[in-house]
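Just so you know, the UniProt record's numbering puts the end of the sequence shown at 273, numbered straight through with nothing missing.
It should be emphasised that the hints constitute simulated quantities derived from the structure, not laboratory data.
If you're wondering where the values come from, they're calculated on a predicted model, not measured in any experiment.
Incorrect hints may appear among the rest.
[As the list claims (entries may be wrong)] Dumping the calculated BS3-like pairs for lysine-lysine here, alpha-carbon to alpha-carbon at most 25 Å:
| hint | residue 1 | residue 2 |
| --- | --- | --- |
| 1 | Lys57 | Lys249 |
| 2 | Lys249 | Lys259 |
| 3 | Lys233 | Lys208 |
| 4 | Lys102 | Lys208 |
| 5 | Lys35 | Lys57 |
| 6 | Lys208 | Lys57 |
| 7 | Lys249 | Lys208 |
| 8 | Lys249 | Lys233 |
| 9 | Lys128 | Lys249 |
| 10 | Lys57 | Lys19 |
| 11 | Lys57 | Lys128 |
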Amino acid sequence: MPELPEVETVRAYLARTLKGRRIEAVEVRLPRLLKNRTATAFIGALTGRRIRSVTRKGKYLGVQLDDASMLLIHLRMTGTLRYLSDERPVPPSSHLIFTLDKGCLVYGDVRTFGCFWLVPQQGETGVKGYDSLGPDGNGEAFTADYLWQLLHASTRRIKTLLLDQSAVAGLGNIYADEALFLAGIRPARRCSRISRAASDRLHAAIRKVLAEGIAHGGTTIRDFVDGSGNEGKNRENLAVYGREGQPCKRCGTLITYVKQGGRGTHYCRRCQR
Numbered sequence: 001m002p003e004l005p006e007v008e009t010v011r012a013y014l015a016r017t018l019k020g021r022r023i024e025a026v027e028v029r030l031p032r033l034l035k036n037r038t039a040t041a042f043i044g045a046l047t048g049r050r051i052r053s054v055t056r057k058g059k060y061l062g063v064q065l066d067d068a069s070m071l072l073i074h075l076r077m078t079g080t081l082r083y084l085s086d087e088r089p090v091p092p093s094s095h096l097i098f099t100l101d102k103g104c105l106v107y108g109d110v111r112t113f114g115c116f117w118l119v120p121q122q123g124e125t126g127v128k129g130y131d132s133l134g135p136d137g138n139g140e141a142f143t144a145d146y147l148w149q150l151l152h153a154s155t156r157r158i159k160t161l162l163l164d165q166s167a168v169a170g171l172g173n174i175y176a177d178e179a180l181f182l183a184g185i186r187p188a189r190r191c192s193r194i195s196r197a198a199s200d201r202l203h204a205a206i207r208k209v210l211a212e213g214i215a216h217g218g219t220t221i222r223d224f225v226d227g228s229g230n231e232g233k234n235r236e237n238l239a240v241y242g243r244e245g246q247p248c249k250r251c252g253t254l255i256t257y258v259k260q261g262g263r264g265t266h267y268c269r270r271c272q273r
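Could you build the full structure based on these sequences and the hints that come with them?
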């Protein structure tokens, strides 16, 4: 699933490309992607609207429109949003096509788990997962004190807490594993048993891995591409995620893979305590 760096990479490209564009037509080829409108209502609400900006909160994208509405998007596991110039053909596998006054925006999704909502820009959206989001892992509200208070009050395992989007928005398997390695904390460790010093290391590690992920255009494991169709370049920088059985880059111990809470988890038995 695209995490904060991947979604931010898409947002940044689309923000540059789509600002001021007018939506001339909308084609819905897979209506079940629309979560709070029929295809007819969705098309009617979007046709003729201009795009003011593209925002992000956690793993959600928000296309801000000129009538104070927002097209809220979650890419889920394999969703991709790509901008195509007028000269480029629309892939036959596209599920949603937004024809613009210049070019078009197409959505494709191998597993078809993606979600689209039309919601107001201000106030609650009625989308439970969005309205309950905690602070972004790279945002100003995500302070060292905030993380320490979360850990101090919880008996959950640390990786479970990091994946809770109402606690910290934007983290998933990749960047949670990487941050825990950088901080030297085992994924199964109980939050309440983590010291303030370790909590501060983890806070710095989360910010670092997210910043590096964004700087490298995200991490492509299988499906992720940015708004122009380019893969992310961050995979070669991963220390533990996806490296089961390979030597730790720090100490040489083989990277361990386990299932924790139903999620695949990678860590170094020697470097993480």
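Outcome of the hint check:
Pair hint Lys57 plus Lys249 does not hold up; C-alpha atoms about 32 Å apart against a cutoff of 25 Å. Distance hint between Lys249 and Lys259 is fulfilled; the C-alpha atoms sit about 22 Å from each other, no more than 25 Å. Using a Cα cut-off of 25 Å, the hinted pair Lys233 and Lys208 holds, with the two alpha carbons roughly 16 Å apart. Restraint check: the Cα-Cα separation between Lys102 and Lys208 comes to about 37 Å, which exceeds 25 Å; the hinted pair is violated.
The straight-line distance between the Cα atoms of Lys35 and Lys57 is roughly 18 Å, inside the 25 Å bound, and the hint therefore holds. Distance restraint check for Lys208 and Lys57: the Cα-Cα separation of roughly 18 Å lies within the 25 Å cut-off, and the hinted pair is therefore satisfied. With a C-alpha separation of about 17 Å, the suggested pair Lys249 and Lys208 falls inside the 25 Å cut-off, and the hint holds. Our distance criterion of 25 Å between C-alpha atoms is met by Lys249 and Lys233, whose separation comes to about 18 Å.
Between the alpha carbons of Lys128 and Lys249 the distance comes to roughly 40 Å, so the proposed pair goes past 25 Å and is violated. About 18 Å separates the Cα atoms of Lys57 and Lys19, which keeps this hinted pair within 25 Å; it holds. Taking the CA atoms of Lys57 and Lys128, the gap is near 13 Å; set against the 25 Å cutoff, the hint holds.
Violation of the numbered hints given earlier is confined to hints 1, 4 and 9; the remaining hints are satisfied by the structure.
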